[in-house]
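Going line by line, the protein sequences match chains A and B.
According to the working numbering, the residues represented by the first sequence are 20 to 433, in order.
According to the working numbering, the residues represented by the second sequence are 20 to 433, in order.
Just so you know, these hints were derived from the structure itself, not from any lab.
Note that the structure is predicted; figures quoted are calculated from it, not measured.
Because identical chains cannot be distinguished in the list, a pair is counted as satisfied if it fits within a single copy or across any two copies.
The list that follows gives simulated cross-link-like pairs (lysine to any residue, SDA-like), each with its CA atoms no further than 20 Å apart: (1) Lys113 - Arg232; (2) Lys414 - Ser286; (3) Lys188 - Arg177; (4) Lys283 - Asn404; (5) Lys424 - Ser278; (6) Lys181 - Ser191; (7) Lys380 - Lys429; (8) Lys188 - Arg232; (9) Lys158 - Pro110; (10) Lys338 - Glu317; (11) Lys113 - Arg164; (12) Lys113 - Ser170; (13) Lys106 - Arg164; (14) Lys302 - Glu317.
2 protein chains.
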Amino acid sequence: MTNFKIPAANKQLKIITRGIVHLEVKSELKKKLEKSHKEQKPLTIKAGFDPTAPDLHIGHAVLLTKMRQFQDLGHRVVFLIGDFTAKIGDPTGKSTTRPALTDEEIVENAATYQRQVYKILDPEKTVIQFNSEWLSGMKFDDVIRLSAKYSVARMIEREDFKIRLSQGKPISMHELLYPLAQGYDSVAIKADVELGGSDQLFNLLVGRDLMGRFNLAPQCILTMPLLEGLEAREDNGKIVGDKMSKSLNNYVGLEEEASIQFGKLMSICDPLMWRYYDLLSLKSNSDIAKLKKGHPKEAKVALAKEIVARFHSETDANKAEKKFNSLFGAQGKNVVPKDAKEYVFAAQKGSEVALLNALVKAKLASSNSEAKRLLKQGAIVVNGNRVNDLSYKLKKGSYEIRAGKKRWAKITIE
Amino acid sequence: MTNFKIPAANKQLKIITRGIVHLEVKSELKKKLEKSHKEQKPLTIKAGFDPTAPDLHIGHAVLLTKMRQFQDLGHRVVFLIGDFTAKIGDPTGKSTTRPALTDEEIVENAATYQRQVYKILDPEKTVIQFNSEWLSGMKFDDVIRLSAKYSVARMIEREDFKIRLSQGKPISMHELLYPLAQGYDSVAIKADVELGGSDQLFNLLVGRDLMGRFNLAPQCILTMPLLEGLEAREDNGKIVGDKMSKSLNNYVGLEEEASIQFGKLMSICDPLMWRYYDLLSLKSNSDIAKLKKGHPKEAKVALAKEIVARFHSETDANKAEKKFNSLFGAQGKNVVPKDAKEYVFAAQKGSEVALLNALVKAKLASSNSEAKRLLKQGAIVVNGNRVNDLSYKLKKGSYEIRAGKKRWAKITIE
Chain A
20 MTNFKIPAAN KQLKIITRGI VHLEVKSELK KKLEKSHKEQ KPLTIKAGFD PTAPDLHIGH
80 AVLLTKMRQF QDLGHRVVFL IGDFTAKIGD PTGKSTTRPA LTDEEIVENA ATYQRQVYKI
140 LDPEKTVIQF NSEWLSGMKF DDVIRLSAKY SVARMIERED FKIRLSQGKP ISMHELLYPL
200 AQGYDSVAIK ADVELGGSDQ LFNLLVGRDL MGRFNLAPQC ILTMPLLEGL EAREDNGKIV
260 GDKMSKSLNN YVGLEEEASI QFGKLMSICD PLMWRYYDLL SLKSNSDIAK LKKGHPKEAK
320 VALAKEIVAR FHSETDANKA EKKFNSLFGA QGKNVVPKDA KEYVFAAQKG SEVALLNALV
380 KAKLASSNSE AKRLLKQGAI VVNGNRVNDL SYKLKKGSYE IRAGKKRWAK ITIE
Chain B
20 MTNFKIPAAN KQLKIITRGI VHLEVKSELK KKLEKSHKEQ KPLTIKAGFD PTAPDLHIGH
80 AVLLTKMRQF QDLGHRVVFL IGDFTAKIGD PTGKSTTRPA LTDEEIVENA ATYQRQVYKI
140 LDPEKTVIQF NSEWLSGMKF DDVIRLSAKY SVARMIERED FKIRLSQGKP ISMHELLYPL
200 AQGYDSVAIK ADVELGGSDQ LFNLLVGRDL MGRFNLAPQC ILTMPLLEGL EAREDNGKIV
260 GDKMSKSLNN YVGLEEEASI QFGKLMSICD PLMWRYYDLL SLKSNSDIAK LKKGHPKEAK
320 VALAKEIVAR FHSETDANKA EKKFNSLFGA QGKNVVPKDA KEYVFAAQKG SEVALLNALV
380 KAKLASSNSE AKRLLKQGAI VVNGNRVNDL SYKLKKGSYE IRAGKKRWAK ITIE
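Pulled out of the complex, with its shape left as it was, chain A reads as follows:
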């Protein structure tokens, strides 16, 4: 990297804007990139993280991948941990999901973060900062001076505030202070660009406004989409489906086993695969274009290997591929037989059918207790993924299910 140079603005822009939802403001960003190229001086890229949820999945990796792209272009990334508000928790005492964290917990969570994110980020170009560094020392009069730089009307235009106000749902005064605190982070670190999820756009704009009020060059803003979960599919040219989340069990965890990650990624549909390429791959645009000309199966294997290699190693990725092929390869026992019976079940309350019930109804198990046993033994494979969760639910859609080595059924939930 000694001879590395920050490339020309246009080249950077092509990579930077891949997969983004919103860019504020393109012409400004281009100027910053041009200056940075001319002077060979890296930009400061900010992205904020909440220290309360350090167990990450590849949904979180979307933002981290964009950060890494900036690093590969020669820029400096500030991984900003919002410990200040985390230490306060929910001062109204209403939310049980926002307990106040101790310094020890935050340090521990930050360490977990580092272990995970350095699989994606380049440690040498990453600065980890905690916003308590500048926020916890602020006094009431500083807060008043900060608040004076932003208008109430603008703050309550934020979509969720507007809705809650119009519905008569309470907003506590302190909730208006959080966007200001986050925005002030941009002032403190003099961010050139801030990255965030598309749901964070308002807060990022507050930071941009405040920087102007503090006579700093306002940060540009790039927002990334929230990644769709593994079961998303294409509808009318658009990817539709739930966002990736632990609670919906439609995720790939950054610290899951290599073979699990590989298998989960191989299960996604082709259109979703291309979306994952845009958002998660560090391959160049032209490399992706080449893959599109080949067989989708090969592209999917390449994506799964790239991601597994990132979070584990090349060796682990190769092993995972081999294992997957031995289980599900074309020559193996994992192609659904043409004569497999087909069943159509009506979704029940909650638009789901319990897998346990489906196994019995589709005669893959003779009884509920046999179905449980099969699941516990790891003998049930749903759409290529081994399932051993007794409470697993099948949503609306089509499934190829294998019980043991040979018994197959095609099940459609309507």
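Take the given structure of chain A and dock chain B to it, following the hints.
The following block gives chain B in isolation, referenced to the frame of chain A:
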């Protein structure tokens, strides 16, 4: 005062509620008074003052008189100086009338306050406190915890906020913090009762709410009217007219000369006099009732003497009365002659006529420069008040004007 006892609640209530605009909540206040009577333990009465305007007039004395009544009933008054926000000034830099005050200026203003208010308050039952004592030490996280105790919806219901929001006029975020800061003062001093002008009701209610959220017995609230200026009159049983203010020149300053105070007070109409009795006199309700049975002129003299004596001395009050009588007494030279000429002038732009012009037009002076000389010499008396302000304006109304010892004119401005 050694044998003084805090009287029974009902007796106190009669005095306390005289002249008030609003009481929140009567039953609670009665309970507090009963407890205080039973235990012979004084209540803590809070009233907040802005340290930016220490040049007081009797409009300010309305609140101070109510505070004194509480003291005379045995209670303890906290004279709270809001220096915390005064030191910040207007952080948006838009208002030139709210400069940031230095510590020295605030100390100086506080001294001016003391000199003036101890003419009304009992120093032994007055505690002067500065709210920077507890507010300036608060950190950002304290502010967040405080803000969490109040809802946005409730805050923006404040009349002036509501109007400005609906008209699209900007409100800076910090303006929402000021009522919380003021309200927290009540928490800090554990106020039993807060007194304030009727325009302060919202802020006082914030204090009451916050005390509840801090698990303190919420303060009761008494608001006093804004005092009408000297030119107010009765219309359909109600006192109508501008509020007393320096800029409208319809005031009696606490530090004006005794004879000026006396003369100004003698110039008010009878209905306004009874209002001033309610709001400014320390006489008992029954004493005022007795005065109402006598001649209004006597009552007015008694009021003027009470007020002058309070801000100067009994001797000064007697001297002022004598001087007034010698100038305007029935037997003296101060009754307008029946044959005085009458003039009617049209009010000009601003609904006023300059006294200088009126003197020349009414032939009380032969020229503008003679009129100026007469004013400078103190030879001009308008409705019984000596005027030496060259820029004095006559508003719509009727005037009896004397120039020198004998020349009179009646002037009406339409």
